[in-house]
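A.B. asks: Residues per chain are reported as follows:
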Amino acid sequence: MASITSSAVGYLRRLWEHRDLALYLALGRIRASNAATALGLAWWILNPMLLAGVYFLVFGVIFPGARGGPEYLAYLLSGIFPFYFTTRCLIGGAASVTSNSRLVSNLRFPRIILPISILIEASIGFAASMLVYFAVAGPLAGYWPGVHTILLIPAFLLHAAFNLGIGALLARVAVFYRDTGNLLPYITRIWLYVSPVIWTPDRIENAPDWLSPALAANPMAAILELYRAALMGSELRQVSVVVATATAVGVGAAGVAIFIKGESRMTRYL
Amino acid sequence: MTGRRPAVRVEDVGVRFRPYVSRKPGLPRRKLPHRSRVEVVALDGVSFEVMKGEAFGVIGPNGAGKSTLLKVMAGTLEPDSGKVTRYGRLSPLLTLGAGFNAALSGRQNILLGGLANGLSKKEIEAKFTQIIEFSDLGDAIDRPMGTYSSGMFARLAFSVAVNLQPEILLLDEVMAVGDAVFRRKSMSAMRSLVERSGTIIVVSHQLKTISDLCQRALWIDSGTVKMVGAASTVVQAYREDQAAREDSKRLEADKRERAKRGRPRRDQQSDRGNVLIVAAEPTAAGAVYGTAMAGLSGEGSAYYPLLLPKRRNQLDSLLSYAPYERLLVAAESGNYTSLGIDTTKFHKSILVHRDPRDVLVEQLMREAERLPDSALSAGLTERLSGAGPSMVELMELAGLDPDITDFLAAMDQMTSLADTGRFEEIRIEDLFGTDLFALAGLLDVDLSGTAPAWSPPSGTWRHWFTAGDVDHFAPKLGGHISRLGYDEDWAVGSEPALVVPLNAPDLPGGDYTADHTADTLEHARHGSAAAMTELAHSLVASGGDVDMAEGRAWAYRAAIQGTGEAMFVLSNCFMTGAGGPPDRDRALFWLKEAARAEHGPAIEALKAHNAATKRPAPPTPAWRPPVPMEDEDEFDDDDLPNRS
Numbered sequence: 001m002a003s004i005t006s007s008a009v010g011y012l013r014r015l016w017e018h019r020d021l022a023l024y025l026a027l028g029r030i031r032a033s034n035a036a037t038a039l040g041l042a043w044w045i046l047n048p049m050l051l052a053g054v055y056f057l058v059f060g061v062i063f064p065g066a067r068g069g070p071e072y073l074a075y076l077l078s079g080i081f082p083f084y085f086t087t088r089c090l091i092g093g094a095a096s097v098t099s100n101s102r103l104v105s106n107l108r109f110p111r112i113i114l115p116i117s118i119l120i121e122a123s124i125g126f127a128a129s130m131l132v133y134f135a136v137a138g139p140l141a142g143y144w145p146g147v148h149t150i151l152l153i154p155a156f157l158l159h160a161a162f163n164l165g166i167g168a169l170l171a172r173v174a175v176f177y178r179d180t181g182n183l184l185p186y187i188t189r190i191w192l193y194v195s196p197v198i199w200t201p202d203r204i205e206n207a208p209d210w211l212s213p214a215l216a217a218n219p220m221a222a223i224l225e226l227y228r229a230a231l232m233g234s235e236l237r238q239v240s241v242v243v244a245t246a247t248a249v250g251v252g253a254a255g256v257a258i259f260i261k262g263e264s265r266m267t268r269y270l
Numbered sequence: 001m002t003g004r005r006p007a008v009r010v011e012d013v014g015v016r017f018r019p020y021v022s023r024k025p026g027l028p029r030r031k032l033p034h035r036s037r038v039e040v041v042a043l044d045g046v047s048f049e050v051m052k053g054e055a056f057g058v059i060g061p062n063g064a065g066k067s068t069l070l071k072v073m074a075g076t077l078e079p080d081s082g083k084v085t086r087y088g089r090l091s092p093l094l095t096l097g098a099g100f101n102a103a104l105s106g107r108q109n110i111l112l113g114g115l116a117n118g119l120s121k122k123e124i125e126a127k128f129t130q131i132i133e134f135s136d137l138g139d140a141i142d143r144p145m146g147t148y149s150s151g152m153f154a155r156l157a158f159s160v161a162v163n164l165q166p167e168i169l170l171l172d173e174v175m176a177v178g179d180a181v182f183r184r185k186s187m188s189a190m191r192s193l194v195e196r197s198g199t200i201i202v203v204s205h206q207l208k209t210i211s212d213l214c215q216r217a218l219w220i221d222s223g224t225v226k227m228v229g230a231a232s233t234v235v236q237a238y239r240e241d242q243a244a245r246e247d248s249k250r251l252e253a254d255k256r257e258r259a260k261r262g263r264p265r266r267d268q269q270s271d272r273g274n275v276l277i278v279a280a281e282p283t284a285a286g287a288v289y290g291t292a293m294a295g296l297s298g299e300g301s302a303y304y305p306l307l308l309p310k311r312r313n314q315l316d317s318l319l320s321y322a323p324y325e326r327l328l329v330a331a332e333s334g335n336y337t338s339l340g341i342d343t344t345k346f347h348k349s350i351l352v353h354r355d356p357r358d359v360l361v362e363q364l365m366r367e368a369e370r371l372p373d374s375a376l377s378a379g380l381t382e383r384l385s386g387a388g389p390s391m392v393e394l395m396e397l398a399g400l401d402p403d404i405t406d407f408l409a410a411m412d413q414m415t416s417l418a419d420t421g422r423f424e425e426i427r428i429e430d431l432f433g434t435d436l437f438a439l440a441g442l443l444d445v446d447l448s449g450t451a452p453a454w455s456p457p458s459g460t461w462r463h464w465f466t467a468g469d470v471d472h473f474a475p476k477l478g479g480h481i482s483r484l485g486y487d488e489d490w491a492v493g494s495e496p497a498l499v500v501p502l503n504a505p506d507l508p509g510g511d512y513t514a515d516h517t518a519d520t521l522e523h524a525r526h527g528s529a530a531a532m533t534e535l536a537h538s539l540v541a542s543g544g545d546v547d548m549a550e551g552r553a554w555a556y557r558a559a560i561q562g563t564g565e566a567m568f569v570l571s572n573c574f575m576t577g578a579g580g581p582p583d584r585d586r587a588l589f590w591l592k593e594a595a596r597a598e599h600g601p602a603i604e605a606l607k608a609h610n611a612a613t614k615r616p617a618p619p620t621p622a623w624r625p626p627v628p629m630e631d632e633d634e635f636d637d638d639d640l641p642n643r644s
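Order-wise, the sequence lines are chains W and G.
Going left to right, the first sequence walks through residues 1 to 270 as my numbering numbers them.
Going left to right, the second sequence walks through residues 1 to 644 as my numbering numbers them.
Derived by calculation from the structure, the hints in this document are not laboratory data.
Check the hints yourself; a few may be wrong.
Stated by the list, open to error - Sample of chain G residues with no beta-carbon within 12 Å of chain W, all distances over it, derived: (1) E78; (2) G138; (3) S211; (4) Q215; (5) D373; (6) K476.
Stated by the list, open to error - Pulled a few chain W residues facing chain G out of the computed Cβ check, cut under 8 Å: (7) A8; (8) W16; (9) E17; (10) H18; (11) D20; (12) R31; (13) A32; (14) A35; (15) V104; (16) N106; (17) L107; (18) R108; (19) F109; (20) S264; (21) R268.
The beta-carbon is built from N, C-alpha and C at its ideal position, and this holds for glycine as well.
The shape of chain G in the complex, shown without the other chains (with noise of 0.2 Å):
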């Protein structure tokens, strides 16, 4: 690649859409939709180079930003940061046959297609047999393009945009167009554009074609760049990707499928519900993290992983109306500080910081890897056998900082956290290998029978801590460890004690009136069902929204537990929308489980529904003003009058 020159440089470019949502994604809409804007970062952060005569791919899963980063390429979409410099030029025919109008002739629209492409008149018409005799048509020319096939209109569009011979040609998925003779032609013709030292940068699916075209391609994920590299390497990375996610996947519809069949009685598990799992650290280590904790849920469902900071808003409509019962954070303190989550909503929630040891050694093994030939990847593999350099002359030798700051300012986070008391458990824990096991068997998760794709590394960081290690960072740490009863295990092969328990969990931080006694609360608080519906009936009937939402939470948590009583509260909630969204279904759903906990005023209450509605219609009366129409359909932005 040497000596090549540019034809598109993105450098840092960052997109950010706002567009309008509906405050409740995926419940039927009961009422008008209220409509908000949410930031959706498409791409952030994005650099790199695409050469002349070079054909470059462009992969990710769908939502990656693909297109968006086409777009931006393509200059019809201003990033809001960063710069994208072009030189020569472009045909950005992102979406074949984009100026085309389905009403006017093949003919007619060469000729529009090609003027909106930048072309003159005169030009296109010199190319005119050109493009007609490489799209195949024939007579069909002259036929408007609505008659035409999807696989015609591809190969008209497609032959409009490769024969206006541009420098640039940027294609969004269109490499299925045509049948096989004219896919072998179409390649050739790209094929041939880049021996003219033309560039082509293409978005596809088909990863297939993709590294045989392709010289480089570029990986894309959730708006940032996974990998850029030559092509076959980045499609087999990407490959392999998807196949762990496939098979996680598959392993928590597995999960639900056996939940289903066999579903044991909700009385009997007191600790049962979803959970969600934040996996808030922006760290090879998070995800792996997250995705291994996927799909273990046992019952319930997992959500993971939220990557900080982009998915925050993601995170703020699962909470407000998932039923998730227990909370696990797998956070650096500064990252869940952030995430500012709401424990009270919870049953249980567990922080789990990781080990600033952990950080250590991913830290030397990240430069280890920039720097393949250096003393510093000798002595890191030397002392990953358990011998050579100690660690902290492995951080002299890579420029860390022996002293550690940043880990204490994250120590000195956590500790402020476990003062709040927010959380029932703060732990530290090597997110790096140890035990997501047993980690799961917290939250009384099973975790029997599955297999995750990813398995630890075999022997843990703590061996390779030397004496010397220990003894420069166990006094730095000193002060944080001892305070969170840390202080045993800072030794060399020793298991540590990882689970910190901090006394006196404030639960559920809600502000109570003096109806409660304290007794009340102390005992809900402690697991009694019978205090949580007490607690349950009293603060929904307050009609305080606080109040109610409180309510409706310790609702909750009793009807988990198989209280009967609570689920007729919690279906009442639900129907009459008493501290939170309505929901007519989980009303339902609820009033159908207390009447099988067999609560009196449940089955009267399912049985007067089940007769309301089995019920025939009424006698229509002779006349009646005219109903307007219920709609529920969020207003369509497209749906606008047309032009006439």
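So here's chain W without its partners, still in its complex pose (with noise of 0.2 Å):
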């Protein structure tokens, strides 16, 4: 066993190998999610869609005010989308291990599989969203996909390395302390309203003294810079590509490194 965690190449190797196990693992969840529901499928679509409805209700309808409007709606959209991705990955992350008890104390594969199983169904959710912001967003706000929107790949990549890192860290912190799950909600609401995804960055400057600098530092910002640079076709500065770059690899890495460190010692903790 020592070998699984001492060479990298090994575990590697061992980790291509099981590659469609995480595949599987992940379109046996998406079947299985939705198996005993009338509309089935139609749900990946279905759930972005009733998202940005009840966004739009709410920015649209009720308070249509200055910030209102399709405009506004599209920002949001493209800013909550790839939040849920991120949501999604930390608590289906966080349950990983966990969730799979009986999978992780009888069978032997490297455990990393799970969290990366979670990533692929989330992509592919992510995915389905990402059809209905053009849809909505096209037609009520004009953006059409277009040249810019090939930045959707790079940011899609680092975006994904980023969660898969927060998603493992929590995967072994959640091992051996079950308490994470509880907190999770709360802390993935908190980053919601600490992110410009329903504010803009300018209204930065609105914030108290004390709270810009954890503003600007947070990673997310950065990711949702690139989003809007691609679906929007907003301004992107360089520095935010920096910190979207060093903050995905940087927590990818850490994260997976870290969950593969503390991998041996899961079972006897389920």
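Got two chains here, separate frames each, mind docking them using the hints?
C.D. replies: So this is what it looks like as structure tokens:
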């Protein structure tokens, strides 16, 4: 067993051998999650549509105001969909090992497969939500896909690395402290409010002095800026590219490394 | 088995878990459970080998460590110590269908199960038809597995496991799957796997399956290997052991039943109460001793046998809230010392120390058993029939230390234990063969009508020592023996005076304040219920934690002597949590007992209690603030929010 963690090459090889497992665990969950519903897989499109509908209702109809209107709705959705991608990876990732305890205690495979399969599942959901974005933002605000949309690919890759890192980290923590799962909904909620999802970055000036640096340091802000450049053609600052890349690579690598380091001790806590 | 190569080698493997536990297991929780970690030893120094081309069974009672062992072999659980080496590809489907998803169809699950076992998609597709045919599920294969019966589920899971053609197949409790036809089919599939020089390691409670299928078996209990060998032999030994346990349990149940029916009045028996027997001797003799003593406890109940050191935590929890009144420790003093039981909690406590000569005999026998054709074995047989070489000569033959230095060290410890005065009696006892019944009598335990499953061998070892042996050992042991008043009987054939009463036991050892006169304490120690009650009153009222605990103990001592007032004090202690954890049930129990003993205040209190519980609920006010639900359940680790 010691060889699993000590040899990175061996681990990668074993990971590659088990790549189908990650995919089919994710596909299996996707099929299973809507197996009992009448609309089945259509929910993967319906869920983000309903979400968009709710925000449209709140910010377009109830509080139209200055920030209302289709422009704002597009801004909102281009933030909320990526953010939900992260939330999914976070909450799913945290439970990925504990909820598969039977699998983990019975079978030998690189455990990182579990957070990876969560990432795959969430990515499919995210892809569906991107379709919904263009279906809504295109006709309403004129944000159709264009050349700038190619940016979506690097944005997604960096974002996925970031999500996997956090998911894997939380998965490890949750094995040893089950309390993690209870805290997450609140943490993600706060994170949503401190990220430029509902509010626009220029409003950061209105924030109290002590809060501004924290808001500016939020890696989610940089990632969202990438997405908005891809989805709305908005301005992309160089500093944001650097910050997004650095955090994605750093968090991704660190989270995965920390997860793998604790792998061998996990079974006994399940 | 010669010439075969190993498939799995387990070397000195140890596994310890540290689960969260409630500090007071077994009692209903009135407040938030206190969570702490307690170490559980699941495996301890386990070593064995499983060969290629062998079906190997693992048996043992629940909680023996079987599944943990399988997980360690599978490599999903890393042992704390020791090493596991695997030679060959493993199909560790320990729990059948571990990778299955009930919402998916059988077909999809075959893929999932195979992938989880490390096969590629292509390899699984090649075996698809074979697996489906073997499972005999027909069209059901395309239905979600959630609609399967448990038999169908197990059939598919087993089919996946066995058809993946692993080199080593690990199975946990799966032999009961399917109907008779399927069972036969799975048996023959497993046999042919073994014939192809594959290996099967199977955990099961179905002993017949083990002896039918397996060539060899391992019997594991409390995390240690009891026996490895031919499957039929091991299964037979295990069966006998189970039967013996069953007997002693029934005996205990009988006793309890009898006690319930014709319960003698408490006040007529001053020394009744539960006995805690700590057979802290990790030897066969200790276990036999504990077994024989259990179920003999008259009205109370006995707890046995607590073997060192892994049960230490159990002992703690027993001591913390179980009302054991009498303590009997059968241990070598070194072991006792590491137990560190606070004898002041007990009304009567006795330490039984193994006679060093007993240990000698046992060591010799063990050596002779190990070397069946040796001069030692022949000599010992002769000796046991009263002739042949002396014990000292036999020890030399066996390569044992004829100067018995380790016994002398144990005796040193025992002597110093005697000096602490923590026990009322220390006895040197032949745990190997003598009179368990006489010993039980010491604690006023009535043994009549009980028939222990074990009876001592005829004749006692004392007759085996020659005059020369006595001359050899006596001067060495002399210092200790005469110190403990044991010098008369180190002679061949004479009956030893076993009891070594110690003077002035200092019981209990609390540090009392000036509130109590020395007289009261003295009287209480000599058994005066009135004095005990007086002490209980003032100690409980004093409010200090230590004092209250002492007070509760005194109240208990007096209560079991039938003193109504003490019962009432005790009831209050349990109600308010003075001097220990509160316990409403026991509070009510003692309140009723006190009322039955016609203690005035108790009768009043009981009446008030009854009136309060029978009174109809007060009329509901128009509006009440919402009351949070009282959640008595311990936090459930599995109860995590589901991924959505």
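A.B. asks: Take the hints in turn and mark each one as holding or not.
C.D. replies: Outcome of the hint check:
no., hint, in the structure
1, E78, "violated (5 Å)"
2, G138, "holds (21 Å)"
3, S211, "holds (26 Å)"
4, Q215, "holds (25 Å)"
5, D373, "holds (43 Å)"
6, K476, "holds (48 Å)"
7, A8, "violated (19 Å)"
8, W16, "violated (11 Å)"
9, E17, "holds (7 Å)"
10, H18, "holds (7 Å)"
11, D20, "holds (5 Å)"
12, R31, "holds (6 Å)"
13, A32, "holds (3 Å)"
14, A35, "holds (5 Å)"
15, V104, "holds (7 Å)"
16, N106, "holds (4 Å)"
17, L107, "holds (5 Å)"
18, R108, "holds (5 Å)"
19, F109, "holds (6 Å)"
20, S264, "holds (5 Å)"
21, R268, "holds (6 Å)"
Consistency note: the structure conflicts with the earlier hints numbered 1, 7 and 8.
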